[in-house]
Every structure is written in C-alpha cells, then in structure tokens.
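Enquirer: Sequence:
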Amino acid sequence: MPHSVPVPPPAPDLTVRQQLEPAAADAVRAYAARTREQADRFAAVLEDIAENGLPPVEDCTPWKDLREAQLAHLAAQRPAVA
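Per the numbering used here, the very first residue in the sequence shown carries number 33; after that it's consecutive.
Note that these hints are calculated values from the structure, not bench results. A hint or two may mislead.
Stated by the list, open to error - Restricting the straight-line Cα-Cα distance to at most 25 angstroms, the calculated cross-link-like pairs of lysine to any residue (SDA-like) are:
(1) K96 with A65
(2) K96 with G85
(3) K96 with A108
(4) K96 with Q109
(5) K96 with A64
(6) K96 with R110
(7) K96 with I81
(8) K96 with Q70
(9) K96 with R73
(10) K96 with A107
(11) K96 with L78
(12) K96 with L86
Using the sequences and the hints, build the whole thing.
Expert: What follows is the structure, given as structure tokens:
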C-alpha cells in the first residue's frame with residue numbers, strides 16, 4: 033500500500049500589495065512632496081556651486097552653529113522629561 037505525502041498549503045501571493053487607508057495615503061503623498069521639494073532645493077544649491085563656485089567664507093554659517101541651532105530646534109519639539 034503506497035504511503036501518501038501531505039500536500040502543503042499554497043504559498044501566499046507576495047505580489048498583492050496592501051492598500052493604505054486614504055488618510056495614510058495622503059500623509060505619504062505629503063511626505064513625498066516635502067522630500068521632493070527639499071531635494072530640489074539641495075540640487076539647486078549644488079548646481080549654483082558648480083556654476084559659480086563656492087560662496088565667500090564671510091557669507092557662510094559655521095557648521096557648529098548650524099548643528100547647535102538644529103539641536104535646539106529638536107529639543108524644543110521634544111516634550112520635557114521630568
């Protein structure tokens with residue numbers, strides 16, 4: 033008498049994509065728009081540098097000042113811990 037081998041269940045279809053709720057889709061689109069805008073600004077700065085060279089040192093902000101301003105901005109957004 034032949035021995036039967038159990039048949040495994042079919043594998044899930046990994047090509048089916050889970051749809052987002054409308055609010056989540058809107059949030060993703062808004063994030064994409066902000067990211068695209070930032071990338072366009074950055075690209076414009078790089079193109080300007082390539083075309084005209086680096087700006088004078090006197091017109092630049094030291095990176096330490098930029099870092100401190102960003103850290104202060106992030107700290108202001110975070111709720112205080114008691």
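Enquirer: Now look at each hint and say whether the structure bears it out.
Expert: Going through the hints against the structure:
Among the hinted pairs, K96 with A65 is inconsistent with the structure: their alpha-carbon atoms are about 29 angstroms apart, more than 25 angstroms. Restraint check: the Cα-Cα separation between K96 and G85 comes to about 22 angstroms, which is no more than 25 angstroms; the hinted pair holds. For the suggested pair K96 and A108, the alpha carbons sit about 18 angstroms apart, so the restraint of at most 25 angstroms is met. Restraint check for K96 and Q109: satisfied, since their Cα atoms lie roughly 20 angstroms apart, inside the 25 angstroms limit.
In summary, the hint linking K96 to A64 is not supported, as the alpha carbons are separated by about 29 angstroms, beyond the 25 angstroms threshold. A C-alpha spacing of about 21 angstroms is found between K96 and R110, which places the hinted pair at or below 25 angstroms, so the restraint holds. For the suggested pair K96 and I81, the alpha carbons sit about 21 angstroms apart, so the restraint of at most 25 angstroms is met. Taking the CA atoms of K96 and Q70, the gap is near 22 angstroms; set against the 25 angstroms cutoff, the hint holds.
This hinted pair checks out: K96 and R73 have alpha carbons roughly 22 angstroms apart, not beyond 25 angstroms. Restraint check for K96 and A107: the C-alpha separation of about 16 angstroms stays at or below 25 angstroms, so the hint holds. For a cut-off of 25 angstroms, the pair hint linking K96 to L78 stands: about 21 angstroms separates their Cα positions. Among the hinted pairs, K96 with L86 is consistent with the structure: their alpha-carbon atoms are about 19 angstroms apart, no more than 25 angstroms.
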